[in-house]
Structure formats: structure tokens, C-alpha cells
Amino acid sequence: MAETIIFQSLPARPAPVNTEGLVPWVKNNLFANWQSTVTTLIVGGLLLFYIPQFFNWAVLTATTVPNADACRAEGVGACWGVITEKYRLIIFGRYPFEEQWRPLVATLLMVALLVMSCTRIFWKKWLVALWIVVLAAFFILMYGSLFGWLDVFGLSKVTTDRWGGLPLTIMLATLSIVLCFPIAICVALGRRSKLPAIRTFCTIYVELIRGVPLISVLFMASFMFPLFMPAGVTIDVLIRVLVGVTLFAAAYMAEVIRGGLQAMPKGQAEAAASLGLSYWQTQFKIILPQALAMVVPGIMNNFIGLFKDTSLVYIVSLYELTGALGLALNSDADWRPFKLEGYLFIVAIYFAFCFAMSRYSLWIEKQVNKSKLR
Amino acid sequence: MTQATDNIIVFDKVNKWYGNNFHVLRDINLNVRRGERIVVCGPSGSGKSTLIRCINRLEEHQEGHLIVDGTELTDDVKAIDKIRKEVGMVFQQFNLFPHLTVLENLTLSPMYVGKMPKKEAEEKAMTQLKRVRIAEQAGKYPLQLSGGQQQRVAIARALCLTPKIMLFDEPTSALDPEMIKEVLDVMVEMANQGITMICVTHEMGFAKAVADRVIFMDQGQIVEQNTPHEFFNNPQTDRSKDFLSKILGH
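Residue numbers (the numbering used here), protein chains in the order written: chain A, 1 to 374; chain B, 1001 to 1250.
Examples of chain A residues toward chain B, derived with CB under 10 Å: (1) Gly-267; (2) Lys-370; (3) Ser-371; (4) Lys-372.
In silico lysine to aspartate or glutamate, DMTMM-like type, Cα no more than 20 Å apart, as pairs: (5) A:Lys-266 - B:Glu-1059; (6) B:Lys-1130 - B:Glu-1189; (7) A:Lys-194 - B:Asp-1076; (8) B:Lys-1013 - B:Asp-1069.
What the hints contain is simulated information worked out from the structure, not anything from laboratory work.
Backbone N, C-alpha and C define an ideal beta-carbon position, used for all residues, glycine too.
Produce the entire structure from the sequences given, and follow the hints as far as they go.
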């Protein structure tokens, strides 16, 4: 008679080579083989050579005195004095000097609103109302009234052609991002619609917009569009440009979202249909939450690109951050040689916003992937 | 007249094509009585899944009439909505919604289609989860469960509509062998409660245990239908004999 053999599993043992910590990391990533070692040494050498030089220029021999002659002196490195002298012109553009507290407050309100909108504890229904209030406050502060009415605050009128700098950048980027997103969702769904008319329209829209550069869209919005309007009817150039940027961004965004929709297994829509959900319920409850979660990196890519693309509006004489820098330095022969410092200044501002967006995108990815963690 | 009301599903010369050339359902005539339990089997590509997917209009038939619980399936969206509320479906790949918890998967349809208050929908969902013996997993996400558990959740989700008809499309084919039994046990239990069931499966043990009738399909046609006992012991056609020898032979 055969005896039953009792199965016993082996106890788990730690891995033979340590794979965590600083030393294994350096070994694996910097000196894994001779090619990697050579690259590490070359790159390291270049960094050792250039970083001290840059540090010397930017900090040790730099001057912050707002005096062009002091900057031109022998042995002086970076001239940060150009920032001290011109920062208000760079940040607020041509906005009237004495009134610049208004764009400052408006921008702070807007940034606070954006930070709140990105924070989970504020994801409540009243946030929508807050958006309306803050946007209204932004325009009242900037314009003096809400485009003609609500003129009760006693603020002087500042027309949109005087707006500029960072407030304009943030306003254009925020509004076009917020407005292009729902349009993009509709177009993405439309391109997959069963109805030929809707599908064709959405396809034509995407292909047409993607086929032209943003600059030409802005030109059309700014110079050609008024020619087609009846005499006496004018729409503010800022609104025309905003619509142009939004429609442009929506076409790109729609394709990113469509990528996510295409990646959805057919079974999800079938299961939703078998449960009796309507088309829109299926899209909003089942398909879009998963499809958008898949393309968060692509969406954020577009948002960051859009934020920087707003700098193109300078060609229709709207001086946002980049345009305002040119405005500040080009017209002033004393300070014109110190453009590099000025550019580094706005690079730092752009980088701060883009890096924040990129980090936020990582956080969102983590949130939406929670359901996939075991 | 009495016969018409007794039959909850009536296929009358139903035909369907995929594209222009693939004739997937050919002259299907089938009456399903209220409370009947039917197992559909046949080789792959024989049209079994398409047949049951026509019943809740995941697929459209192009010729013939298909009447479910007195309502004919046409392009009429209202009719489709009505029938989908009465027909539950379980898929081979489970098709749970991975971004929703188990409980949210179950309450979705009662809340948004049935307009049930959240609390009531959750109570109902918990009842169904207990029925498939998985209530303790209500707060988890589907991908955190094993295949057998996921399929039981899918069954519970379909039951939350209080359907008159349950359709199963190869519910155990994607499962590890060790998990098939826990799903079949739940299905046997359901079968004993009088709901109309149509199940595409190759689990012959299940067919023998619960089916009132076995339908054998090949090349888009119903080749043979009989009680399980007769079908397995005394198949009438050479096609079904061949099929049975292959699936029972190993």
C-alpha cells in the first residue's frame, strides 16, 4: 500500500544580491558596463566644468543693482538688475502702472482657484460656483467692469489691448484648457459615432485644425474674422483669440482622448448596455472615466503645451509674459544687452508652472490607478 | 394564445449575417418557455454566442422575428430598453467595471436605470452578494479578486436588475480549473429558483444537472435539441455524435 507523501513548501529566502539602496543604484545605473561608465565620466566631467562657471556668472560675480552702467563694468557677471528695474513691465505688460495692484489681485485669485480645483478636499459642488465668482472677479478687476455692466466698483476702465504679462498668460491658458476639454470629449465621441453626419463633421474639424499652424489660426481670428462681421459689430480681440486657441487645442486633445476610447475593451460597453444603461450613461459612467485615466499623461502633455503656446498671441499684439519681456527690453537701449537675464527670469516662471502641472499629473495618475493596485 | 404567453422567448425564422458573406444565424426557430433552463452547446463559430446576444440586442438580427416577453425586438429604442431591464447577462470575460468597487458595480444599474435610492440599491446589492457568497468583498475593486470571485460578482450584478431571463455566455471558460466549481454552484442554485436561463457552456455536468433542454448548434443552425439525458445518451445526428465524442472522449 502506497504511503501518502506530505507536501511541505520551502520557506522564502531573501535575494542573494542586495538590489536596494544607494550603492547598488549607482552600480546599476551609472557603472553597469564600460559604455555606461564612459558616458558617466564624460557627462560628469562636463557638469564639473560648466556648473562652477555658471554659478560664478549667475551668483558670485552677479549684480542686482538696477543700474545699466554698473552691469557693463569689467568682471561683472549676470546683471539681475534688469529684473529689479523691469519686473513690473515684464509681469504686467502695458497695464497702467498705478493700477497694477488689480492684475496682481486678479492673478492671485486665479492661482488660488486653480490650486483649490486641484485639491481633493475641495471637489464639491460649490467649486463650480466659485469658478464663476472668481472669473467674474478677474474680469471686473482687469477690465474695470464685467464688459460694460456691473460698473459699480468705481474702477477705471482698462481695455484688453493694455492687458499683458503673466495675468494674460494664466487667463488664456486656464480658460482655453477648461473650455477645450469638454469640446474635445464631444469631438472624440463624435468621431466614433454611428451617425455618419456627426462622424464626418468631427473628422473634418480635427483634420482641418491639425492641418494649420496655431499662428495662422490666430491671424484668422485677429485680422480676417472682423472682415466677415457686419459693419459696427465687433468682438473683442481677446475673445476672438481665446476662441481660436481653444478650438485649436480641442482638436489635438480630441485625438488624445480618442486614443483612450479606442483602447477600451468592447466588453465594457456591452456590459453597460446589457445592464440597460443609455449611451450617455455608458459614456459618462463607464467609458470616459477609464479612457481618460489611461491618457492622463497625454492630456497633461497637451495642457503644458497649450500653456506655453499662449506665448504666440504676441503676433496679434497681445503682450503676454514672453511678449511683455520683448516690450520691456527692446524699446530700452540701456537694458537691451541683458536679454539673457530677462529670459532666464521668465524661463523660471514658465518652468514653475509647467513643473507643477507635470507633478500634478503624476498625482492624478496615482489616484486613478488605485483600483488597479492589488 | 396560451402558448404565446407561455413562451418568454420566441425566435421565428431569425437570420443574421456578419458583413455580406458570413451567414452566422440561419433560419433559427426556437421557443423558450417561462422558467425553462436551456444549455446551448456546439463547436466554436457555430453561432451560440450570437444567438443569445440577439436576445438583449447586443447583436441585431436582420431577418425574421424575435419576441422577448411579449415585446418584439426592432430598432425601437424603448423596446430595447424595456427588454434589457428584464434580461441579465453574464460574460465569458466577466466585464466588471474595474474603476468601480464591487458594490458600485452592483448598484449602478438599479440607481441609474431603475431610479432606485442609493440606500435601497445598496441593500439590494448586499443581498445579491450574500447570495453568491461574496458579501465580504463589497468594498474591493474587481481586479483585486480572483477570476471565480469576479464571475460571481458579475452574476450578482446581473441579478440586481431582478431579471426574468438570465443569459450566460460561456461563464466558466476563462476560469482556472480550481474556480469553475464555485461559479457553477452559484448557477445551480439560481437554476433551482425558477428563473429562465439560457447558458452557452461546455460544462456537460452542469447541463446534466440542471438543464431542461440541450440545444446543439453548428454552422449557424440548431442541429438537434433534446433533454440532456436523451442528448448525451442517444444523440440523433452524426454531427452531435462527433461533437460529443470529442468533448466527452478525453
